[in-house]
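Engineer: So you can see what is in the structure, the chains are spelled out below.
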Amino acid sequence: MSDYRIQGATGEWEVVIGLEVHAQVTSNAKLFSGSATAFGAEPNSQVSLIDAAMPGMLPVPNMECIRQAVRTGIAIGAQINKWSRFDRKNYFYADLPQGYQISQLYHPIVGEGEIEITLDEKNPETSKKVIGVERIHVEQDAGKLMHDQHPTMSYVDLNRSGVALMEIVSRPDMRSPAEAGAYLSKLRSILRYVGSCDGNMDQGSMRADVNVSVRRPGDEFGTRTETKNVNSVRFVMAVVESEAKRQVALIEDGGKVVQETRLYDPDRNETRSMRSKEDAHDYRYFPDPDLLPLVLDDAFVEEARASLPELPDAKRARYEGALGLTAYAAGVLTAEVDTARWFEALLAATATAQNKPEGEVAKQASNWLLSEFFGALNKLGKDLASSPITPEGAGQLLALVGNGTISGSIAKQVLEKMLETGDDAATIVEREGLKQTSDTGAIEAAVATIMANNADKVEQYKAGKEALFGFFVGQTMKAMAGKANPQIVNELVKKALA
Amino acid sequence: MTNLTDLTLTGIRDGVAGGDFTATEVAGAFNAAVAEAQEALNAFIVTTPEAALAAAAKVDADRAAGKPLGKLAGVPIGMKDLFATKGVQTTAASKILEGFKPEYESTVSQKLWDAGAGLLGKLNLDQFAMGSSNESSAYGKVTSPWRRPNDTSALAPGGSSGGSSAAVAARIVPAATGTDTGGSIRQPAAFTGISGIKPTYGRCSRWGIVAFASSLDQAGPMAHTVQDCAVMLEAMAGFDAKDATSLDLPVPNWEAALSGDLKGKKVGIPREYRLEGLNAEVAKSWDDGIAWLKDAGAEVVDISLPHSKYALATYYIIAPAEASSNLARYDGVRYGLRDLPDGANLQEMYAATRAAGFGDEVKRRILIGTYVLSAGFYDAYYTQAQKVRTLIARDFEEAFKQVDVILAPTAPTSAFALGEKTNPLDMYLGDVFSVPASLAGLPAMSVPAGLDSQGLPLGLQIIGRPFDEQGVLNAGLAIEQRAGFSAKPTKWW
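If you're matching them up, the sequences are chains A and B in order.
If you count the first sequence from 1, position 55 lands on 55 in my numbering, and the numbers rise without skipping.
If you count the second sequence from 1, position 407 lands on 407 in my numbering, and the numbers rise without skipping.
Don't read these hints as lab results, they were simulated from the structure.
Worth double-checking, as some hints may not be accurate.
When the alpha-carbon atoms are kept at most 25 Å apart in a straight line, the in silico BS3-like pairs for lysine-lysine are as follows [to be verified]:
#, chain 1, residue 1, chain 2, residue 2
1, A, K435, A, K382
2, B, K58, A, K89
3, A, K186, A, K228
4, A, K363, A, K382
5, B, K86, B, K101
6, A, K382, A, K417
7, A, K412, A, K382
8, A, K82, B, K387
9, A, K412, A, K379
10, B, K263, B, K242
11, B, K363, A, K89
12, B, K71, B, K58
13, B, K242, A, K82
14, B, K421, A, K89
15, A, K245, A, K256
Predicted model only: the values in this text are computed from it and were never measured.
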């Protein structure tokens with residue numbers, strides 16, 4: 001479906017991409033210990049005896065983490081495995097106190113699911129693609145080494161040790177950097193809707209291992225490399241591109257891609273080898289004997305299902321259908337749960353203030369949000385989360401437009417003043433005397449003056465230069481300091497020119 | 001006045017409760033006995049006379065104040081040095097944990113203190129509970145208080161709970177905790193003429209016990225009598241939310257329901273345990289046991305446990321596999337020994353620390369375990385062993401459809417001399433009768449059955465259904481009542 005190709009010296013190459021995403025589970029406590037999980041706490045302040053792997057300590061599953069994984073699985077339409085099991089992945093490293101990571105190799109909690117991506121928001125119907133998800137399993141995160149604290153020693157921070165991760169493994173279904181980017185964005189959006197991961201890639205709570213291989217279009221899969229711990233959507237796309245190009249150049253030079261783990265260097269926009277398959281660890285996976293198999297009952301799964309909010313695809317369909325928004329607007333408003341929440345609050349406030357059903361004011365709210373408000377916030381370097389205006393405050397502003405108190409252009413001024421002063425719309429309109437006038441006498445007088453002062457243009461209009469209509473309207477509005485009701489101005493100008 | 005150190009656990013409990021003597025007097029007597037025997041027996045790694053006296057003082061004060069007393073009020077005990085004890089060095093008899101003082105108390109030891117017991121000290125053991133003779137301790141071998149007549153050679157107290165068995169047998173503690181992974185309570189109990197029970201897997205919390213093989217490790221009591229074991233097990237057992245494999249079942253009052261009357265009960269005799277070349281004295285002792293249980297009213301039934309012959313091999317794959325992973329945490333990074341040669345990197349620090357910290361037997365098992373879990377060998381060893389383990393458990397399930405308990409020898413011989421077994425395989429073969437119950441997670445106990453021709457104790461093992469510690473204890477009691485075992489080691493230290 002994708003026509004993305006790498007142009008090599010010997011012809012075209014197709015790139016094949018699979019992502020393994022590690023998403024930190026939103027939970028107050030770690031996967032197998034009671035420790036807290038806040039980001040940015042003092043080193044080693046969120047470490048229990050279990051996280052530090054003291055002798056005789058035992059893991060006990062935190063069912064809230066399990067529940068979040070199940071909710072995530074249901075959200076991507078995946079099979080929930082009511083019988084799953086934890087395995088130990090054994091290796092030595094200073095950030096891994098137990099000497100093994102508790103993970104789920106053989107029997108993951110979530111099986112096959114899928115995620116639909118949209119590659120072009122302007123043409124959603126023709127640019128959709130379904131990416132398969134092979135599995136989701138839960139596992140422990142490792143701690144963190146700090147190399148900048150001492151000239152010859154490394155320090156270990158175990159705050160992250162034992163924090164629950166979901167590893168979400170895609171099928172090798174993506175064929176371009178754009179698809180990889182769209183998949184990761186969509187996955188992050190779903191996780192945020194579900195509330196199972198905050199999706200903050202810059203804080204490391206979501207990171208991707210990017211598997212890339214190249215092949216002649218339609219051939220068998222080539223040998224893949226895995227680039228570890230890529231921490232932004234942009235970098236994932238960059239990794240795909242640079243790694244695919246590297247592989248093509250390598251093959252065309254007569255070389256062979258070796259299965260290996262690589263690291264991405266964003267400063268140089270290239271990947272480099274970390275370790276090859278030959279020196280890969282033998283992880284000696286085996287079932288963790290400290291834990292019984294994880295058995296979920298129907299009630300647990302049903303509760304998880306019932307607790308899910310409306311998810312982005314369903315919400316988008318509703319915005320297009322019931323609310324009558326354009327596909328583009330529906331796409332943009334539902335892409336991030338925070339935007340959708342803000343929009344829905346705005347919609348409710350707007351409808352209430354005007355005493356109208358939401359369907360009737362949805363377009364007004366959507367247009368204003370997308371074209372006016374985002375721009376205004378952007379100028380201030382703010383976003384919805386840091387907006388000084390609440391959805392309720394914005395709803396009142398839109399109601400003033402809706403009921404004819406102010407015009408759309410005055411509304412822009414009012415918005416600026418709201419952002420400046422923090423005052424509400426009605427107060428500003430009152431104080432600044434911005435109320436729209438529908439006083440036909442005053443408007444008629446203004447129109448008459450304009451006609452008189454521009455007799456030449458009246459002549460030209462009557463001679464057929466109809467484009468001048470806008471000029472008279474504009475002049476009238478100007479004379480009325482923007483406060484005249486535009487519809488009445490239109491009517492009266494038309495009448496005067498007739 | 002009675003010689004306090006000759007008393008049983010229940011004798012002390014009743015005497016303290018009845019005011020025949022104070023808990024402080026008892027603790028003092030045992031503290032003195034411990035000190036006197038330490039050099040000769042080396043049963044303890046550390047002694048804690050103050051802790052024993054402090055616990056005793058509290059019991060005496062509680063009694064004086066008329067407060068209710070715990071199940072073990074006034075009983076000082078020895079604690080196998082595999083249980084984490086807050087502020088008291090906990091080593092698993094390994095150099096790698098030398099000087100390690102936990103900030104926490106194991107669930108089982110805490111329950112014992114809550115029941116009114118006091119700590120005499122931390123008992124020696126095979127390093128990380130790996131061994132059957134207590135020779136693998138980094139803190140020196142334990143010498144059994146038993147000797148052959150007119151022979152001063154030092155004998156093994158069994159293992160891995162060898163400090164526990166030696167101390168109880170020498171009457172320097174009235175009771176001790178043990179742990180049993182493949183027989184580490186039962187075999188040392190048999191070697192030293194005492195009783196010990198490994199309860200159903202999950203009865204006692206593993207939280208705070210240094211792990212050897214998680215799916216097999218179980219704590220249990222070692223004491224002079226079946227009743228003592230019942231009382232102490234009641235104090236040790238119980239559900240613990242901190243151990244995901246803990247059994248969420250109420251703890252029965254085993255002591256109250258003790259009865260040596262086995263009328264209506266069936267006892268199985270597994271024919272596969274009649275090994276070719278079975279020691280004649282062990283065979284005779286087994287026959288004695290059969291006769292005693294018949295005398296107690298039980299019907300004796302011949303049963304088959306067809307996969308028994310694979311139990312030892314299965315055990316020596318699963319236990320080292322788990323151990324190789326469980327012991328990975330001893331890496332020199334956070335606690336315990338760190339050997340950091342000049343200029344060493346992380347990998348070199350691991351190698352140096354673990355080479356210096358672990359003993360030979362521990363290293364051997366880590367190597368075996370690492371090997372059987374390795375890619376390419378995993379299915380042939382580990383997966384296969386798990387399948388056989390299931391079959392062994394099924395053998396027992398089938399057998400327990402016909403019988404209530406199973407009677408077998410505890411060990412294939414009486415105690416051997418320290419240094420006598422130099423080939424690790426010979427040592428492993430000594431676990432042949434004890435590992436099947438471990439693999440199946442079943443309650444099993446050893447009770448003294450008599451002395452062999454060398455004057456050394458022999459034990460008989462009773463294996464029960466899951467959760468049926470009562471059935472095991474009752475059959476044990478029936479044997480105890482008929483064996484009339486009253487032999488004690490002659491004090492030579």
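Engineer: Take the hints in turn and mark each one as holding or not.
Structural biologist: Status of each hint after checking the structure:
{"no.": "1", "hint": "K435(A) <-> K382(A)", "result": "violated, 29 Å"}
{"no.": "2", "hint": "K58(B) <-> K89(A)", "result": "violated, 47 Å"}
{"no.": "3", "hint": "K186(A) <-> K228(A)", "result": "holds, 20 Å"}
{"no.": "4", "hint": "K363(A) <-> K382(A)", "result": "holds, 24 Å"}
{"no.": "5", "hint": "K86(B) <-> K101(B)", "result": "holds, 7 Å"}
{"no.": "6", "hint": "K382(A) <-> K417(A)", "result": "holds, 16 Å"}
{"no.": "7", "hint": "K412(A) <-> K382(A)", "result": "holds, 17 Å"}
{"no.": "8", "hint": "K82(A) <-> K387(B)", "result": "holds, 23 Å"}
{"no.": "9", "hint": "K412(A) <-> K379(A)", "result": "holds, 14 Å"}
{"no.": "10", "hint": "K263(B) <-> K242(B)", "result": "violated, 40 Å"}
{"no.": "11", "hint": "K363(B) <-> K89(A)", "result": "holds, 20 Å"}
{"no.": "12", "hint": "K71(B) <-> K58(B)", "result": "holds, 14 Å"}
{"no.": "13", "hint": "K242(B) <-> K82(A)", "result": "holds, 23 Å"}
{"no.": "14", "hint": "K421(B) <-> K89(A)", "result": "violated, 36 Å"}
{"no.": "15", "hint": "K245(A) <-> K256(A)", "result": "holds, 13 Å"}
The structure fails hints 1, 2, 10, 14 (numbered hints given earlier, in ascending order).
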